[in-house]
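These are the residues of each chain, in order.
There are 4 protein chains.
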Amino acid sequence: MVIILDNSASEQQVEDVVKHLEDYGFQVHKSVGVERTILGAIGVQPDFDVRKVKILNGVSDVYRVTVPFKLASRSFKEDNTVVKIKDVEIGKDKITLMAGPCSIESEEQIFKLAEVVSKSGSQILRGGAFKPRSSPYSFQGLGEEGLKYIRQAADEFNLLVITEVMEIKYIDLIYKYTDIFQIGARNMQNFPLLKELGKTDKPIMLKRGLSAQIEEWLMSAEYILSEGNKDVLLCERGIRTFEKYTRNTFDLSAVPVVHKKSHLPVIADPSHATGLRDQVPPMARAAVAAGADGLMIEIHHDPEHAFSDGPQALLPNDYINLVQELKMIAKAIGRDI
Amino acid sequence: MVIILDNSASEQQVEDVVKHLEDYGFQVHKSVGVERTILGAIGVQPDFDVRKVKILNGVSDVYRVTVPFKLASRSFKEDNTVVKIKDVEIGKDKITLMAGPCSIESEEQIFKLAEVVSKSGSQILRGGAFKPRSSPYSFQGLGEEGLKYIRQAADEFNLLVITEVMEIKYIDLIYKYTDIFQIGARNMQNFPLLKELGKTDKPIMLKRGLSAQIEEWLMSAEYILSEGNKDVLLCERGIRTFEKYTRNTFDLSAVPVVHKKSHLPVIADPSHATGLRDQVPPMARAAVAAGADGLMIEIHHDPEHAFSDGPQALLPNDYINLVQELKMIAKAIGRDI
Amino acid sequence: MVIILDNSASEQQVEDVVKHLEDYGFQVHKSVGVERTILGAIGVQPDFDVRKVKILNGVSDVYRVTVPFKLASRSFKEDNTVVKIKDVEIGKDKITLMAGPCSIESEEQIFKLAEVVSKSGSQILRGGAFKPRSSPYSFQGLGEEGLKYIRQAADEFNLLVITEVMEIKYIDLIYKYTDIFQIGARNMQNFPLLKELGKTDKPIMLKRGLSAQIEEWLMSAEYILSEGNKDVLLCERGIRTFEKYTRNTFDLSAVPVVHKKSHLPVIADPSHATGLRDQVPPMARAAVAAGADGLMIEIHHDPEHAFSDGPQALLPNDYINLVQELKMIAKAIGRDI
Amino acid sequence: MVIILDNSASEQQVEDVVKHLEDYGFQVHKSVGVERTILGAIGVQPDFDVRKVKILNGVSDVYRVTVPFKLASRSFKEDNTVVKIKDVEIGKDKITLMAGPCSIESEEQIFKLAEVVSKSGSQILRGGAFKPRSSPYSFQGLGEEGLKYIRQAADEFNLLVITEVMEIKYIDLIYKYTDIFQIGARNMQNFPLLKELGKTDKPIMLKRGLSAQIEEWLMSAEYILSEGNKDVLLCERGIRTFEKYTRNTFDLSAVPVVHKKSHLPVIADPSHATGLRDQVPPMARAAVAAGADGLMIEIHHDPEHAFSDGPQALLPNDYINLVQELKMIAKAIGRDI
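Residue numbers (my numbering), protein chains in the order written: chain F, 30 to 366; chain L, 30 to 366; chain R, 30 to 366; chain V, 30 to 366.
Derived by calculation from the structure, the hints in this document are not laboratory data. Keep in mind it's a predicted model, so treat the numbers as computed, not measured. Errors might be hidden in some of the hints.
If several chains are the same, the list does not tell them apart, and a pair holds so long as it fits within one copy or across any two.
[Claimed, not checked] Restricting the straight-line Cα-Cα distance to at most 30 Å, the calculated cross-link-like pairs of lysine-lysine (BS3-like) are: (1) Lys198 with Lys177; (2) Lys48 with Lys290; (3) Lys83 with Lys273; (4) Lys360 with Lys123; (5) Lys198 with Lys106; (6) Lys115 with Lys141.
Construct all of the structure, not just a fragment, from the sequences and the given hints.
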């Protein structure tokens, strides 16, 4: 932590600030310049609230020196984390594709789409059985019935399953059916849920909150990592801004930024980020070009009658064609799909 | 719902859109103008996803006509909701004051502050026993021990208790000690939690999410109301913007907007909105002037050693003086504290 | 400037960073801690681009120590600036009221409204003769004809005039008619315009840009001050956020923040901030309570036929009544209107 | 325009609204449903302020039906605009590359960089001679001297020139040296400047404002087009959000959105969008993949001593290598560089 004192701070005030810092457990270095004095406070306290110092008399500004996350940071672990599930490895040169419907609607629907996912050469089948809906009057998911269908469909077509968990009480149930737990954007800071999932031994995909800074997102990953689960995937799915022609603003710069700050793989979700079908292909291409380690894309064979988010779902053939394009872009940047 | 067709939409396309709308259960009115055709789709489907129509061929734009919330709306219930707890009525002319520490830290601390709250003429004692912290390494609250202290302190000084609930599994426990359940900003869209609290018979204060639109906030209130609990308070506590000199941007316009759209009382929390002690008094004054039905303010007798959020806590005497100023402003606008 | 080095920075890298800093003209203090080394770079270079250091090998983070504005800062000038025009003093205990139509539409209109402004006890008449409109097809203002009308109307009722200047070429013309130049939000970073106005001897009211941080706003004030014009008023008029029920988000916390960082008076404009008539009175009251030094409010005797922004204009009687309420709030906080 | 009336609107109120609409020049269609009445108001008034209707008694909501821009819209002109300058065509399959320093610093510097631009196979040389700087104390550009250097350098290497114009008074001067006028983000709504440039016969590149919605950006293009200049390029360069690890948030979705709504070419500027060198290559790749018609990238042979924005400039060799990668991505999506 670095403390900048006021030009006008008295010697007494400086001493008082130093004393406070020492009481808080820091080792203090003083640097006296022509115009003002700067203090360096050394000591590992990642969660120290810098405002405690900011309000002392004579203090002009305070800067935190260390990032508040540790296990999630690139400086803690230099090598990329590779999440390995059966024969799928996420975070290596080969880009992982996850696809499927927003909601699991019926046995027939998920089998039909699993076939598409398999045919396209993708590895992971997505589908929601418990849905977070902003309206209490909307379809809330098929529950365990849906979980059974998606597991069977995935097994039939040799795919992995990813599905969302919204509540601690369903962790055990979902555990029986899924390969990867998904944490939705609205639950990014549901800390009790993060902690419980951190105690499981299955990978977690953590979606970025709608207005979460990258730092907070990594802090939420830290909650999971600190409970012992090392297999965390981060998923960028759009942030909220003032722009109204898109559902959200797809923050693709998050991909290189996270790769610099952290060792965890980054998945990109162009379906939720844009919210409209015709924007999904260009943004999927952009995500691969930006360096994403995987994509999650929603598809549906009959989007007009989808129970949720139909308008952002690609049709099966459009998805299969898109994957061909993505392969070429992956190749152009020295990766593979 | 109103559907604007493209200038160039063919008659066949128009008929196709009409058919889709009828299949979705709407009654359709067609209005043919010189330049373009407009369709009105009538029928109560508050959760209908308008993008289903937006993607049809020939459609230019689609507008939802009804607000997606119902029980929370002013048109459903014209009179202000008054939440009555013992002899405190929230939502009438008299403005309600809630104050206390961010975290309950010890029996002594909460009794000391309860005395201040009582002396100032405030009605409700706040204090967290389970804390949502962005870092897993931060103080997480005293748990049930804290709940016992705050209940005893409130009873001693004839105050009501408000405290946060973060998880479904603690609802029953907290129910035994609190008068009002608080839902934190990060849980505004934790729908399972909202539903469970909607089944209880104690009032709920719902904080606005960091990037929640007012409409989504009211939709979350709808989740609680639709389970049968009518006693919902809304709390504005700052939204996230690009400005960096304040912790959040206090959106005080939310007060008159909510009063227009809804019948529910609005509480304002200048402590979390600004994050720094010296900005709390001016923004508390502004909140009263803007028409808030209540304020929630953090206080601490020794902020430098507070376990959390000390820098935004007012000192006891500063709080007591502030209440005097607020009384005068309340009077100036024909209300009372 | 404070430079935090990487844990893993080599001695050679540290020396290289020190050399760069010295080449850039800084005096360097080195502070070696257990975990990492911190450098303090001393020297007054308010516009130094810290990214120049951020990209050096071995550097983890860089913090600017001094604010980038000087003449606008409270540390440069401790006493509040009071802008004196004839017998009106802006920035003292008495709160200044500015009111009038969005656009000057006719001689009759501005005289009618000037009478209202005078009757209400306000001091300054506003009205636009050159209008910045987002559409090229909208009414662009009466030009010099409008300036004549507003000057005559103001003189008739013993008021001062404030009007917007959008282009350098009109400064001389507008100078002949106005008492205060207004710079609109869209021109907050029109630096050539700021510089030219800084050379005039009439006060300038600088509106905050739609997405301007407070720091940038003060930097724009610096542009004016550095040319010699000391009479700058700052005007908060709402910032752009994701909320859609209000035109903009009125950032009232800017009032106490600016008062802390700068000596310049702050005016609040609830008309543009909210955009709808029924929200103007509560937010005007809040602005006074938050400590604004003045208010700017739009009024119109026939808003339905106003040439611009009619929906946010108050009716004459509503304005006169509002001023009475504001007087009581001013009194409650020890000020006067 | 579509007007939704309140459930409770009286017949008298409905008639009154209809009368107002007719007075404003609209032709009105009434559609009476079970729950509420909807009015369709037909008539071309692109700049009509819908709030005029929103404030009438009995009105619940009002929606604008037509986009407010016309000449810039895809429905006005279906075919892509191709801007042709000498043998360069912008907006066709071949993607255009613009590169050069932020500021022109000397004859030597711009010649050195022009050589790099040429060698890389790019077509256009960028460089600022008049710089908009947020601080009045920063380097403001070489002025006409710089214009001479960039023209000579471009001619020497058979490149086109793009340079920024900040003030109307310099249009004639810059006209003599440049091939394309650039309008900076801060001037996107400097309407007098837009109009004057609309009267010239050289292409204009209009950068998106820091907090501009895509609709407003297209409205600003409309200002230029409506004066007769048809050669407008739009440039996405990042918008302002709450994220702090990047300078701005690069809104790449703007590329497909603009292509849908408008016929004008879209250029992407990853240098300003991210602000740090190591993020430029991934985001440049993403921009090509997303369908941008051109890129603008800052380069410098000695970024540490650049007069402005050095930290975001690529080194010559890094740029040349990047162009090779971009060529492969362009090929993968069926385009060319």
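Legend entry - Hint numbers not upheld by this structure, sorted from lowest to highest: 5
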